[in-house]
Structure formats: C-alpha cells, structure tokens
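Participant: Sequences are here, hints too, so could you generate the full structure?
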Amino acid sequence: MSNLVTMLGIEKRFPGVHALKAACLELQTGEVHALMGENGAGKSTLMKILSGVYSKDAGLVKLMGSDIEFKNPRAAQEAGICIIHQELSLMNDLTVAQNIFIGREPRLSFGRLDEAALNNGAIEIFKLMNLAIDPRAIVGSLTIAKQQMVEIAKALSYRSNVLVMDEPTAALNDTEIADLFIIIEKLKKEGVGIIYISHKMDELKQIADRVTVMRDGETIGTVDAQTTSTDDIISMMVGRELINEAVNIPDLSDAPIVLEVQKLCRGREIRDVSFNLKKGEILGFAGLMGAGRTEVARAIFGADKLDSGTIKVHGETVSIKSPTDAVEVGIGYLSEDRKHFGIATGMDVRANIAMASLKRFTSKLGVLDETAMQDVASEYIEKLDIRTPSDRQELRFLSGGNQQKVVIGKWLLRNSEVLIFDEPTRGIDVGAKAEIYKLLNQLAELGRSIIVISSELPEVIRLSHRIAVMCEGRVTGILPGGISSQKEIMSLATRRSD
Amino acid sequence: MSDASISETSSFIRRLADTGAHQKLLAFASLILLLVGFSIASPNFMQTSNMLAILQATSVNGVLAVAATLVIITGGIDLSVGTLMTFTAVMTGVVLTNLGAPLPFGILTAVLMGALCGACSGTLVAKMKIPPFIATLGMMLILKGLSLVISGTRPIYFNDTPGYDLISRGSIIGHFFPSLPIPNGVLILFIVAITASYVLSRTVLGRYCFALGSNEESMRLSGVNTDRWKIAIYALAGGIVGIGGLLISSRLNSAQPALGLGYELEAIAAVVIGGTSLSGGRGTVLGTVIGALIMAVLTNGLRVLSVAQEWQTVVTGLIIIAAVYADMLRRNRTA
Ligand SMILES: Nc1ncnc2c1ncn2[C@@H]1O[C@H](COP(=O)(O)OP(=O)(O)OP(=O)(O)O)[C@@H](O)[C@H]1O
Ligand SMILES: [Mg+2]
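If you're matching them up, the sequences are chains A and B in order.
Residue numbering for the first sequence follows the working numbering, beginning at 1 and increasing consecutively.
Residue numbering for the second sequence follows the working numbering, beginning at 1001 and increasing consecutively.
Just so you know, these hints were derived from the structure itself, not from any lab.
Beta carbons are placed, not taken as given, at the ideal position from N, Cα and C, and that holds for glycine.
Watch out, some of these pointers could steer you wrong.
What the hints assert, rightly or not - Listed below are several chain B residues computed to face chain A (Cβ distance under 7 Å; list not exhaustive):
(1) 1031
(2) 1204
(3) 1211
(4) 1215
(5) 1218
(6) 1221
(7) 1222
(8) 1223
(9) 1279
(10) 1282
Claimed, not checked - Counterexamples of contact, computed for chain B against chain A with all Cβ distances above 10 Å:
(11) 1040
(12) 1107
(13) 1224
(14) 1318
Facilitator: Following this line, the structure appears as structure tokens:
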C-alpha cells in the first residue's frame, strides 16, 4: 500500500465561519477511510477542497507524492478524484443515462450525441452494481433512494483512483446498502482509495479500514476502525461522554386521543390506513422505503389530496385541504426532503425559525417585530445547539444537520400539538441525534403528540411508545414500543398482501 | 404486481407525459379548434390568400420565438430579441445599401452580428453573473439606441439590392409547385425550427441547454464548463434572431430603426403557449412554432371578424394565461 492522497494543514474560512483549522487526512490505495465528525465539523468542506469545488486558504494537498491545486471540479476529475456530494445533485429533467454521462457524452461527428452508446454505458454500470434502473427514466420521477443509486453509478463511471462518498447511504435501505458495500469491496481490491463519510456507526465496522475523526474544523486523530471501540470513536467526535437514555414508556391508558385517522385511501400509495395518537404519545412508523409512510404523513398534513377517509382532531372531524388547514388545527410536519420542502435556503436562521409563526411577531399594522424574532431565534439556537455564527446566517451556509435542527425549531415554536417528524435524524451525527431523541421525549412529556417516521429500526424501537408498521400502503400491524424486536417489525414490514 | 414492476410502469407513464407530448397535443388541438371556429364564423377566413397571410405573419415572430426557446430552456430569458432583430436589420442595411456590398455579405452580417450580440448577453449572464432579465433588458435598450444612432433615425431602404425583398416574399416552393405559393419567409421559419429542434434533441449543445435549466450547479460539479456553453447558447439564439432581422427587413424592403420593441414579449408568449417552462429544463421547438401559429391565427381571425384591435390584445393575454394554467393542471396530475 502506498499513500494516495495527503492533505496537510488545510485552512478554510467562510464569512463568519472558520470551517477548517489545519485539517489533515491521509488516504492509501485500496483503503476505505471513514471520515467522521459531528454536524458542521467540516467533513464536507474538506472533501470539497479535495475535489476542486472550493479552493483552500492554506495547506498542502498531495496526490501520489506530488503537490496539486485544483481550480475546478473538472481538473480534479481528470486527476482521478471523484466525489458523490452529500446533497443530491442531479438534473431532474434529464434521464438517468444523460445524468450519468453529463459532460462526457459519447459523440458522433458535428457534436451530435450517440444516444444508444449513452444508454448502453449506463446499463453496463448498473449491471456492475447489480441494479435494474431504466437508463431512459427521467431522474425527477425516481424515488430518492434510486436517485442516490444514480449518483453512485455516475461516480463509478469515472473509474477514478480516489472516490469520495459523502453520506451515500442516508437515503438507502438495507439491501441497497448491502449492494453498495459489495461494490466498495470490489473497488478496494482494484486499488481505489475510498473516503467514506457517514453518521452510521455500524457501517463503519462493516467496511472501514481506518477512521479519521474531525471536530470543529480540526482533525482529532486517525485510528484503526476495527480495533477501536465505537464508544471511543464517539467520544473523539463529541469530546464528551454520551449518556444513552433508557426507553421509558409512560402509561397512556387514560390519555385522551388527540388525532384519529380512519380508513385513509389514496390510490395505490395509501390503502385503508387507520390509527390513533394519544396526548403525550410518540407513535413510530416503521417500514421499507416506499411503504407509504411519507404519503400518509403528507396526506394528513394536507399536502396531497385524499381519495377517502376521515381525520379527527380531539374527536371532531376536520377537513384538511391544505397545509394551512393542518397548521390551523395544530399539526406540524417536518419533511424528509428538507432542502425542497422544509427550509428557505436563501433566508437566515431567524426568518426560518419564525416562518410558521409569523403572526406572533406581527404588529397590528403588519410590521414584523425583529427584536422579538431575534430573541426567540437565539433561544432555539441555544436550546437545539444549532452551530451558526449568528441568527442572521443564511441557511444554505449551514451544515445539513444544523439545517435540520432549524426546521425542528420552527415547528417547536409554532407550538403544534401534533408533530410529524419524517426521518428527523437523516444525516445527523450521533451527538445531535441523542439531543433530538431527548428533545422528542421532552416534548411528549409536555403533552405534545408525536409521529416519527424512520427507516432506522433501532431508532424507531428506542423512541416510540407504539410502533405502526406499514407495507405497500397498508398498516400491517401496531406493536408496543421498547420491547418489540427488529425481527418482528421486519416480518410485518415485508408482509405483502398477495 | 411486484414493487419493481409497479414503479417501472409508472415511470414509463411519467416519461410519456414528461416528453411534453401532452402539451404539444393540447396546443395543437387548440390551434385546430381556432381554425375550425374562425372558418365557421367567417367564410373569408379559410381562403388561401388569408392562410398565406397568417403563415407570413408567423414567420418573423416564429423565428424570434425559436431563439427565445433556447434561452428559456436554459432557465434564462431574452428580452433583447426584438431590438436585436432591428439592429441586425440596420447593420445589414449599412453593409448592403451604404457600403454597396453584395447580398451574401448582408446575410452574413445579419447572422454574425446577431451571434455577436447574443454572445455579449451570454457573457454578461455567465461571466458577470448578471441575472438574464437584467442583462438582456440592458442589451435591449443598448441595441435600440445603437440602431437609431447608426441609421440616423431614418429607415434604410434596400432598393439598390435587387432581390432583397424575395428573401421573405418570394416563393421557391411556388416556383416548383405553382398551386402552393408558400412564401420563403415561412420556408425559412420551418428550416430554422427543424434545425433548432435537431440541435436541441440530438446534440451536445442541446443537451446542455436542458441541463443548464435543470440544475446548473450539478452540471458545474460534474466538470462541465457551464459558462462557455451558456455563452454558446445565447450566441446561437442571437444568430437565429439575425435571420429574423433579415426576414422583417426583406418583408418591408427596408430596415426600420424604430421597430422592434414589443416583439420580445410576443416571442416569449409564443414560447409559453407552446408549453416551454419558464423555470427552465423543459420545452420543445415544435410547441413554440405551434404557439406562434396560434397567436397569428388569433390576431388574423379576430381581424377577419372585425373585432377591434384593442380587444385582440385582451384575448391574446387571456390565451397566454389559459395556456399556462392548462399546462400546470396537467403537470399536477402527472406529478
Ligand atoms: N459555502 C459556505 N459558506 C459559509 N459557511 C459554510 C459554507 N459551507 C460550509 N460552511 C460552514 O462550515 C462548517 C463546516 O461545514 P460542513 O458542511 O463541512 O460540515 P459537515 O462536517 O459536512 O457537517 P454535516 O455532517 O452536517 O454534513 C459549518 O459551520 C458550515 O456552516
Ligand atoms: Mg456534510
């Protein structure tokens, strides 16, 4: 094995943020090198410097012994470095194959495109990945998981020596992750160096050779992934001990029912879904990708139309035709795709937190009370430990995990009685995850009713007082929380109707 | 059905809808409906001479709209097509009439001047990061002013260039098929449209047009030199506008420096009626040509029915809103 990439003393400043402070990283050929750290630690920034997206302020990058400085992503690609970005960055209006080969289209004479070669190229890569995706499908019509697989296919098609994966599995289910790991093993044997960013600890043990941990823009250290304990790695990341709170399921037998959903139907996606939610209860929704959990949440929130079914709040039938109606009766929804639905990336933290509660900050003449907004924003920044230089920072400059915390803050402020969290910890580090769990429990104790949709079974089991399992648009069972096993849930989640 | 086959079929259905076939069909059906409606309302409408007048009236707006389509698919907008058309006509007048150069030089001047000005707009947008609306608004005024300055605010006539008026008004097709006296202007529109359509669907330039409108950042991160391609697309659009400049000046047998303002909005209207999304990433040239035809048929038909000019404008406005609304309804259903 030899040194493929060496990054030394990398500095990077953004307006108001010292994102990287003398960060270091070393990657060898044929190695899977995990890069871990809390939200905002600087992982993505370091990788963007390696792949030519950002330029560094100071420091040294070496590729196979020689100094390099990339002006743009293309230069990095030509040197054999390729990155899968954390945020999905595909062109939704183009087909799968067109996306994979963007910038490298097979051409005939006069700049004409060789569409057949393009599609065949995509099919070949998918074969390698053991995937069946139609290369002619429009990317925007695919599920998030499939889009992620397309991103991975695109990266593989470059056949580079260095492959950076920034949270590639955040949207994937277990089988898809297993397939990805097989591909990673294969690449490793071919001598490709892989930098792998993830917040999922178990993945680390499965594929990583070494781990580099970052905290607040600094490299804390590099350790062997197999021999170092998970707890040690976590404490390197957070610089403090984490206490795992035991599940504590309250007795809710006398609690009133806040939300009751009866026989919801919507096409093939939602079939005859009924359940109820009590005051102070956390109801988990488990199931595979595409089981219809998000669809149910969106329908209750009025984002999609229902074919039939009734929704009752406090025993009274309500008519929810739009998110405005839903918010009015006290329902809040945190989308799984926060970039598109949850946040205004161009607005600052303050405005985003106040977004759903502007009425509170508006005087009779319609003027906004900025001071009050600032106070509240500061309160939530502290409460949720949002890493931002100030409440005036635009959301697009925050790391993914911190953006998620802002959305949570927004609905907490709105004081919604029923909160629907769709994948609340996707892309969020262990430290912040524990905080969010604690927060959800506190909210429940305060009498809020919470629905949590999560694809991570340990998370559902740990958080929920009851667990509703869905499969193909139906609720196939409701289990007690805490004591249910992953096996029980999986068997319900795969109980096909035919 | 299994999970996979359900999603396969649904993605197939979406793809059908996504090709824009729907919107083109809708626009086409409206066109037929208008034609049938007007011919029932007035016996004069369906006469060959009137049909030829409609086609002739479509040619200039059609060519400009094709140019605007390219820019709009990239997620931009071009407000300068109208005055750029005039500018290229004036420059052609300078070369042919004032300098006395032979006809081919005039044609070359129009196309090259158009491409050059397009490249300027493109550079403002791509390199200097000026929003397309502002950059082309600036260009629109600059070109209007330059046309007036260069021409001395007087029309330049092409009387010394025999055959110049034939560019638009002659009929090569009529020469071979006397029963089909389709003017050259219309022929040129169709050649431009077919070429542009081919470029959009089959070439790298076309691919990047859609990619730019769909997600420019992602394209940049994939290592494509987005700036250069954007400039190229604006230049191509400018070149096409130059052809529009030839058509209009040939039809009037003169370059009218005061003309041009307002043409850009008609071009954009045709693009929108044709189903191209103003937010970029989707659109077709065929749709745009149908859109331009709809506008010409409407104007002509209302005139044949002696509806006042003022009301014609109102109806055009309503049609634009209805077209976009129909498109959104369709999209919501398939989304
Ligand atoms: N373009 C930018 N402008 C300003 N600040 C930025 C920009 N990009 C990142 N930052 C800031 O730099 C710091 C590091 O962010 P980075 O995205 O690298 O974190 P991360 O480790 O990838 O976090 P996560 O796990 O949440 O993805 C954060 O404080 C972030 O707010
Ligand atoms: Mg990141």
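Participant: Look at each hint and say if it fits the structure.
Facilitator: Outcome of the hint check:
no.: 1; hint: 1031; verdict: 26 Å, violated
no.: 2; hint: 1204; verdict: 5 Å, holds
no.: 3; hint: 1211; verdict: 5 Å, holds
no.: 4; hint: 1215; verdict: 4 Å, holds
no.: 5; hint: 1218; verdict: 4 Å, holds
no.: 6; hint: 1221; verdict: 5 Å, holds
no.: 7; hint: 1222; verdict: 5 Å, holds
no.: 8; hint: 1223; verdict: 3 Å, holds
no.: 9; hint: 1279; verdict: 10 Å, violated
no.: 10; hint: 1282; verdict: 6 Å, holds
no.: 11; hint: 1040; verdict: 39 Å, holds
no.: 12; hint: 1107; verdict: 22 Å, holds
no.: 13; hint: 1224; verdict: 4 Å, violated
no.: 14; hint: 1318; verdict: 27 Å, holds
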